[in-house]
Amino acid sequence: MLLLAPTSSVDAGEPPENSYLVELINKGLQTKLASEREWHLLLHYRKDLFGGYTSEQDDPGFFMSPNGKTDPQAELDATLKQFFSDELVGRSKQPAQCAFIARYEWLRNRLRFDETRLTPMACERFERWFADFEAQSITLIFPSAFLNNPASMFGHTLLRVDQRGQTDSTRILAYTINYAADVPPDAGMAYPIRGIFGGYRGYFSTIPYYLKVQEYRDIENRDIWEYRLNFTEHQVRRLLMHAWELGNASFDYFFFKENCSYHLLALLDYADPTLHLTDEFLFWTVPADTVRLIASKPGLVSGIAYRPSRSNVIRRKRESLPSDEREIAHRLTKDVGELKSAAFSRLEPMRQTFLLDLASDYLRYRIDTTDEPSPELKEQNRALLTARSEIRLTSEEFRVEPFAKQPELGHNTSRV
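So the sequence shown is residues 1 to 416, counted in my numbering.
Since the hints were derived computationally from the structure, they do not count as laboratory data. Just so it is clear, CB atoms sit at the ideal spot from N, CA and C, and this is done for glycine as well. Hints may contain errors.
[Claimed, not checked] With a straight-line Cα cutoff of 35 angstroms, these simulated DSBU-like cross-link-like pairs (lysine-lysine) come out: (1) K81 to K32; (2) K340 to K81; (3) K93 to K257; (4) K405 to K297; (5) K212 to K378; (6) K334 to K212; (7) K47 to K297; (8) K27 to K93; (9) K27 to K47; (10) K405 to K334; (11) K340 to K317; (12) K378 to K317; (13) K297 to K257; (14) K32 to K47.
[Stated by the list, open to error] Each pair of labels, with its calculated beta carbon distance range: (15) Y306 to A122: 24 to 32 angstroms; (16) Y306 to S389: 25 to 33 angstroms; (17) T274 to E379: 54 to 62 angstroms; (18) A404 to A122: 45 to 53 angstroms; (19) N230 to R318: 31 to 39 angstroms; (20) G199 to T386: 23 to 31 angstroms; (21) T116 to T274: 30 to 38 angstroms; (22) D368 to I207: 28 to 36 angstroms; (23) D86 to L282: 34 to 42 angstroms; (24) L409 to T386: 25 to 33 angstroms; (25) E390 to F256: 47 to 55 angstroms; (26) D86 to R315: 42 to 50 angstroms.
Sequences and hints are given; from them, build the entire structure.
Following this line, the structure appears as structure tokens:
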């Protein structure tokens, strides 16, 4: 085609934007942009067995060229062409400049777009979405293994977008970036089989962190480890721009390779192309191993925090009690009359608050993890909460020591 030739000429009667498009395509060819690592990261290209490239992206709407899945140059040329159009593309139905804003920003910087000849479009939807994050940093979240779900037997990972001015107590209000398979509720026995062979579509989504904490820590009783990443403001923006693009498409989901953790690594790779995280996982991707890899990168992790599961909090609190207080706490979960017992009444108010908190934690755990909790459990918990509210003391902070070793300190799963 004329537009792909390195020395294309343009008829005098052609629209001026076509002339500039040819210039940009020729400049891209001369500088071999389609061979650069960042272009391959943006399109998720991997080298194939025949010496070419194939994108791991499986949604046709992600590509501007019909050959884009296997031809980086054709995709780059078609992307440049689409930047001149206001045609709505991708699942989000926006002009290409906005639907694929990370591509646009990268090509704009590399080719030094003349904005008088390629007019930038106002991407208001993206800018509102980005502004809502008030993003300052990124934290890798690792909920530990959940044996009741085949997809989570080795843990799970997601990213939390930490806001400016956030504190330890308000981090739970931040948003997360999560990649997961879209599994119908009636999947049944087909779930693990289809998951192994890529029978489900995987999608990126943004979900409030407190909802994920409720799911993992409070209902599934999984410890949560948080690894704050040492990214610059520029790297955080790059990550979010590419996350926005990935919201326009889907991948085939494979439990053992292209799973929740693998595609998050690809996001981190684009934020900092020197990391080469996905290159370490050629055949299978175990979430716990990805945590160990990230933690092993010098200077990448700036802090680690631990959120114990509800059951582990209860266990550690119970372990800390002398035998007589342990027995009182047990009776509080069974009989509201224990609130008026001599044994409970003679305790110091701070000890009473501790036992009431522990007993209520246990009852709420039973209520949340039972399919049909009995009315008696709820009534008993309500009585404990009423008694607790009458003691005008703030609960003391209780430090929970994990039962298991920190994930990054364990052996790789290949050694298990």
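Exercise for the section: Could you see if the CB distance from D86 to L282 stays within 34 to 42 angstroms? Expected result: For L282 against D86, whose Cβ atoms are near 41 angstroms apart, the range 34 to 42 angstroms holds.
Problem - Pairwise hint evaluation, K257 against K297, where the allowed Cα distance is 35 angstroms at most - result: This hinted pair holds, its Cα atoms lying about 21 angstroms apart.
Exercise for the section: Quickly compare the C-alpha distance for K405 and K334 to 35 angstroms and report which way the hint goes. Expected result: Distance ~34 angstroms between K405 and K334 Cα, so the pair holds.
Practice task
Sort out whether K317 lies within 35 angstroms of K340, counting only the CA atoms.
Solution key: Distance ~22 angstroms between K340 and K317 Cα, so the pair holds.
Practice task
Indicate whether the distance between the beta carbons of G199 and T386 respects the range 23 to 31 angstroms.
Solution key: violated, 50 angstroms
Practice task
Evaluate the given range 25 to 33 angstroms for the C-beta pair formed by L409 and T386.
Solution key: With a Cβ separation near 43 angstroms, L409 and T386 fall outside 25 to 33 angstroms, so the hint is violated.
Problem - Straight-line alpha-carbon gap K27 to K47, limit 35 angstroms - result: Roughly 24 angstroms separates the two Cα atoms, so the pair holds.
Exercise for the section: Given the hint that K32 pairs with K47, test it: the Cα-Cα distance must not exceed 35 angstroms. Expected result: Holds, because 17 angstroms separates the two Cα atoms, which is no more than 35 angstroms.
Problem - Hinted pair K212 and K378, Cα distance within 35 angstroms - result: Measuring from Cα to Cα gives roughly 24 angstroms; hence the hint holds.
Practice task
Compare the distance between the alpha carbons of K93 and K257 with 35 angstroms, and conclude whether the hinted pair is satisfied.
Solution key: Cα-Cα ~30 angstroms, so holds.
Exercise for the section: Just tell me: holds or violated, for the beta carbon distance of Y306 and S389 against 25 to 33 angstroms? Expected result: holds, 29 angstroms
Problem - Hint consistency between K340 and K81 [alpha-carbon to alpha-carbon, up to 35 angstroms] - result: Since the Cα atoms of K340 and K81 sit roughly 78 angstroms apart, the hinted pair is violated (cutoff 35 angstroms).
The structure fails to meet hints 2, 15, 20, 22, 24, 26 from the earlier list, while all remaining hints are met.
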